[in-house]
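A.B. asks: These are the residues of each chain, in order.
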Amino acid sequence: MVIQGVIAVLVVGGLFFAFVSAVGLYRLPDLYTRAHAASKSDTLGSILSLSAVALAFGADVATIKVVMLVVFMLITSPTAAHAIARAAHEQGIEPWTRGDDR
Amino acid sequence: MTDEAGGETTAGSALVLVTDSSTVEETVEYAARKVRELAAETDSRLTLTIGTPVVEDVPQTETPDFDALLETATDVAERATTLTDPEGAVDVETERIYRYRYPFDPYEYADVVQSYATEHGIDSVIVDPSHATPGTRPMTGSIADRLADQTTLDVDIAPVDRQTRPASIVTRGGLAQFLSVFGISLGFYLLVGGFADVTFDLVTGTIAALLVAGVLSRVTFERTPRPTRMVSSVFRWLVYVPYLGYKILVANFQIAYVVLHPSLPIDPSVERFEPGVWGGLPMATLANSITLTPGTLTVDVEDRAFVVHSLTAGAREDLLDGGLERAVRFVFYGRSALPYPSPRDRAESEGESS
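So the sequence lines, in the order shown, correspond to chains A and B.
Going letter by letter, the first sequence gives residues 1 to 102 in the working numbering.
Going letter by letter, the second sequence gives residues 1001 to 1354 in the working numbering.
Where hints are given, some of them may not hold.
Derived Cβ-Cβ restraints for the label pairs, each shown as a range [stated by the list, open to error]: (1) G1174(B) <-> V71(A): 20 to 30 Å; (2) K65(A) <-> P1262(B): 35 to 45 Å; (3) L1216(B) <-> V61(A): 23 to 33 Å.
These stretches of chain B come out as covered by chain A in the derived footprint (C-beta under 8 Å, 3 or more residues) [stated by the list, open to error]: (4) 1032-1043; (5) 1190-1202; (6) 1262-1276.
Treat the hints as calculated values from the structure; they're not laboratory data.
Just so it is clear, CB atoms sit at the ideal spot from N, CA and C, and this is done for glycine as well.
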């Protein structure tokens, strides 16, 4: 029962951050700020959801695999965000600052 | 010759940069011969300065014995000059070209060499072709390229028989590396296989791990792996990951607040700072951790500086407080590396000194 509650909290948390990520992607003004929303909140959302999955599996080999998935997400997600931002930087795209039009 | 200018004439004096490489003696000998010829040509008294870099503040890097190196280089230079020049038209001097704060970075090194040369009236520099750059990858170009690009000096690469291979990729301790890669690969294989059919997995896993280790073991580690160091390193990672997770969680809530707030109170800007970690893996870890922490995004690494885009002022403060950087220093350099000025303090002291 307790575990199911924790799972529910984790899933809801994961959904919440996925939602934040989507809203951020929509609302933020430029590529750099959107990369923040798309990569980070989304990562936490996936991690929370995957943690819920791991808990649901319990002490199983599948749990180890899910944990490994989390680790790989932690490595690949910032790498991808960095690649996108760097590409933009090298193209000379200026970051949006306060005072610019949205 | 001695009448007119005596030991005062320094125009044409040269600097030879020596480092821990197998072609040191050849380089110094070449430099000595060159300066000697120049001295005979211009009929003046010249100085050959033998310079070594002093690499400070690089924890866990094996620093070459520069004292012994200087001694060898001086011997070679003196032998080379006195053999052809019994009158002694060439003075041999040694100098440690101090780098006061950061370790070896070709860009900064070029600056240091330039200012030393200006101060001492040196107009040409002789470089060992295998002069390496400890702590940084050779992707920024060789020392000679940097010196030629960045300084007004006459850069001459000593024509030595190149016996050395690029040292950064192939390291010693082949067996330890092979076994480590083999063990890690096999463990991963068994884990993914899920222990369903252990005999089958063991046989195929051993074959696969042997292949992986055979192909990749020579490029996997930067240093020779040692069991004690690996254990303490794994332990430090186990401390670091929850810390990072906590940071990610807290910062995510801040970002959620900002993003969902009706007026969208963001204040993005781009910061540039030199991280207090060196080498490929530590820098990549820090850069990735900065990107993982919401509100900050590593955009690029230019020379040695991270270009970080930050979403809010709070995230920026956090970054410059250097909590993450300190954690990464702990992972790679141990507890002794913890007391270290934050990026903000470093920027401030730099502002004062310049």
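A.B. asks: Now tell me if each hint is right for this structure.
C.D. replies: The hints, checked one at a time:
1. G1174(B) <-> V71(A): 20 to 30 Å: At roughly 28 Å between Cβ atoms, V71(A) and G1174(B) fall inside 20 to 30 Å, so the hint holds.
2. K65(A) <-> P1262(B): 35 to 45 Å: 42 Å, holds
3. L1216(B) <-> V61(A): 23 to 33 Å: Holds: the Cβ-Cβ distance is about 26 Å, inside 23 to 33 Å.
4. 1032-1043: violated (count 0)
5. 1190-1202: holds (count 4)
6. 1262-1276: With 6 residues closer than 8 Å to chain A, the segment 1262-1276 of chain B meets the three-residue bar; holds.
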